[in-house]
Amino acid sequence: MIVVLLAVGITVGVFTLINRVTPLKDLGEGCKITTPEGTLDLDIEQAKVAAVIAAVAARRKLPERAVVIAYATAIQESKLENLTHGDRDSVGAFQQRPSQGWGTPKQLVDPVYASGKFFAALEKVKNYQKLPLHEAAQLVQRSADGSAYAQHEGDGKILAAAFTGRVPKAVQCWFPTPTGKTPQPATEKAERRLARALGPDSTLTVSSRRRGWLVAGWSVAHAKEFGLSRVRYDGQSWTPATGEEGWKADTRASAKRVDIS
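My numbering puts the first residue of the sequence shown at 10, with every later residue one more than the last.
Certain hints may be false.
[Stated by the list, open to error] Here are the simulated lysine-lysine pairs, DSBU-like style, with alpha carbons at most 30 Å apart:
| no. | residue 1 | residue 2 |
| --- | --- | --- |
| 1 | K198 | K233 |
| 2 | K115 | K133 |
| 3 | K41 | K257 |
| 4 | K133 | K70 |
| 5 | K135 | K41 |
| 6 | K178 | K41 |
| 7 | K166 | K139 |
| 8 | K233 | K41 |
| 9 | K257 | K178 |
| 10 | K233 | K70 |
| 11 | K198 | K139 |
| 12 | K198 | K178 |
| 13 | K70 | K41 |
| 14 | K198 | K41 |
| 15 | K135 | K70 |
| 16 | K265 | K233 |
| 17 | K265 | K41 |
| 18 | K178 | K166 |
| 19 | K178 | K233 |
| 20 | K198 | K265 |
| 21 | K115 | K70 |
| 22 | K166 | K135 |
| 23 | K257 | K166 |
| 24 | K70 | K265 |
| 25 | K133 | K166 |
| 26 | K70 | K166 |
| 27 | K166 | K265 |
| 28 | K257 | K198 |
| 29 | K139 | K70 |
| 30 | K41 | K166 |
| 31 | K198 | K70 |
| 32 | K198 | K115 |
| 33 | K115 | K257 |
| 34 | K233 | K257 |
| 35 | K115 | K178 |
[Claimed, not checked] Using C-beta positions, here's what the derived DEER-type ranges look like:
| no. | residue 1 | residue 2 | range |
| --- | --- | --- | --- |
| 36 | R201 | P72 | 23 to 29 Å |
| 37 | D210 | N136 | 26 to 32 Å |
| 38 | A258 | G163 | 28 to 34 Å |
| 39 | K135 | A159 | 16 to 22 Å |
| 40 | E54 | T196 | 16 to 22 Å |
The set of hints was computed from the structure by calculation and includes no laboratory data.
Built from N, CA and C at the ideal position, the CB exists for glycine as well.
Using the sequences and the accompanying hints, generate a full structural model.
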């Protein structure tokens, strides 16, 4: 379970996770996660992985503690990147190994599948919610140095508070938008991808404010991929052009449905 960059990861730790996005900011692209627990900078690909992890956890009706453990693990293993390589045959955000029965390489570079496998293993850990984070993570990962997961607990809490939807307006991303004729956003494709992570019965119509902000955060993180130019929810609106400034008040934004366009 040790990635090739483990030595660097242990030395640099979350500093790299938080600051790696600086060159992307110069290009006008990045994400910021802001909660009462603190603030983190991510690149868009990291934000997409984080959003998927939270959606899969919600589908399985898992507590926020499980999401914190998953984030701390993925930060240590891959810096929240969906890697196609790693130590020996390890791949994906959790650096799971096909040779250890986690799945095929193709399956494990699918964040929905990889997250589901991680949570399925975590659920088998007795009293995992009460264990120190590094112990719970190690019982899933069987890494050479399980203590390394502990250093990422604080950042895991920030990400979990945001992407589970517990803290509203916590996920903001920004990226350049096309000039000239704007292509049609792939909203139907985005909804299908969301349903794959969150559940087949999932729609943009939400049953609770927390779920609404989970869906809104997922939509913002995936906006560049699907060409979304606006996300509206709960009296707030996000656009990529002003994403760095945060969500803006919008009286047209319903509290019952996340609108993407």
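Hint-by-hint comparison with the structure:
1. K198 <-> K233: Holds, at roughly 13 Å.
2. K115 <-> K133: 24 Å, holds
3. K41 <-> K257: Status holds; Cα separation ~15 Å.
4. K133 <-> K70: At roughly 15 Å apart (the allowed maximum being 30 Å), K70 and K133 satisfy the hint.
5. K135 <-> K41: Answer violated: K135 to K41 is near 34 Å, above 30 Å.
6. K178 <-> K41: With a Cα-Cα distance of about 11 Å, the restraint between K178 and K41 holds, given a limit of 30 Å.
7. K166 <-> K139: Distance of about 15 Å is within 30 Å: holds.
8. K233 <-> K41: Holds: K233 and K41 sit about 15 Å apart, inside 30 Å.
9. K257 <-> K178: The hint holds at about 9 Å.
10. K233 <-> K70: 28 Å, holds
11. K198 <-> K139: This hinted pair is violated, its Cα atoms lying about 39 Å apart.
12. K198 <-> K178: 24 Å, holds
13. K70 <-> K41: 26 Å, holds
14. K198 <-> K41: Satisfied, since the Cα-Cα distance of roughly 25 Å is no more than 30 Å.
15. K135 <-> K70: 17 Å, holds
16. K265 <-> K233: Measuring from Cα to Cα gives roughly 24 Å; hence the hint holds.
17. K265 <-> K41: Measuring from Cα to Cα gives roughly 25 Å; hence the hint holds.
18. K178 <-> K166: 16 Å, holds
19. K178 <-> K233: 18 Å, holds
20. K198 <-> K265: Roughly 21 Å separates the two Cα atoms, so the pair holds.
21. K115 <-> K70: With Cα atoms ~26 Å apart, K115 and K70 stay inside 30 Å; holds.
22. K166 <-> K135: Since the Cα atoms of K166 and K135 sit roughly 21 Å apart, the hinted pair holds (cutoff 30 Å).
23. K257 <-> K166: 25 Å, holds
24. K70 <-> K265: Cα-Cα ~20 Å, so holds.
25. K133 <-> K166: Measuring from Cα to Cα gives roughly 22 Å; hence the hint holds.
26. K70 <-> K166: The hint holds at about 18 Å.
27. K166 <-> K265: 27 Å, holds
28. K257 <-> K198: Measuring from Cα to Cα gives roughly 26 Å; hence the hint holds.
29. K139 <-> K70: 18 Å, holds
30. K41 <-> K166: 15 Å, holds
31. K198 <-> K70: Satisfied, since the Cα-Cα distance of roughly 24 Å is no more than 30 Å.
32. K198 <-> K115: Between K198 and K115 the Cα gap is close to 21 Å, so the pair holds against 30 Å.
33. K115 <-> K257: Violated, at about 39 Å.
34. K233 <-> K257: 19 Å, holds
35. K115 <-> K178: Distance ~34 Å between K115 and K178 Cα, so the pair is violated.
36. R201 <-> P72: 23 to 29 Å: 27 Å, holds
37. D210 <-> N136: 26 to 32 Å: 31 Å, holds
38. A258 <-> G163: 28 to 34 Å: 31 Å, holds
39. K135 <-> A159: 16 to 22 Å: 19 Å, holds
40. E54 <-> T196: 16 to 22 Å: The hint (16 to 22 Å, Cβ to Cβ) holds, given that E54 and T196 are roughly 21 Å apart.
Checked against the numbered hints listed earlier, the structure breaks hints 5, 11, 33 and 35; every other hint is satisfied.
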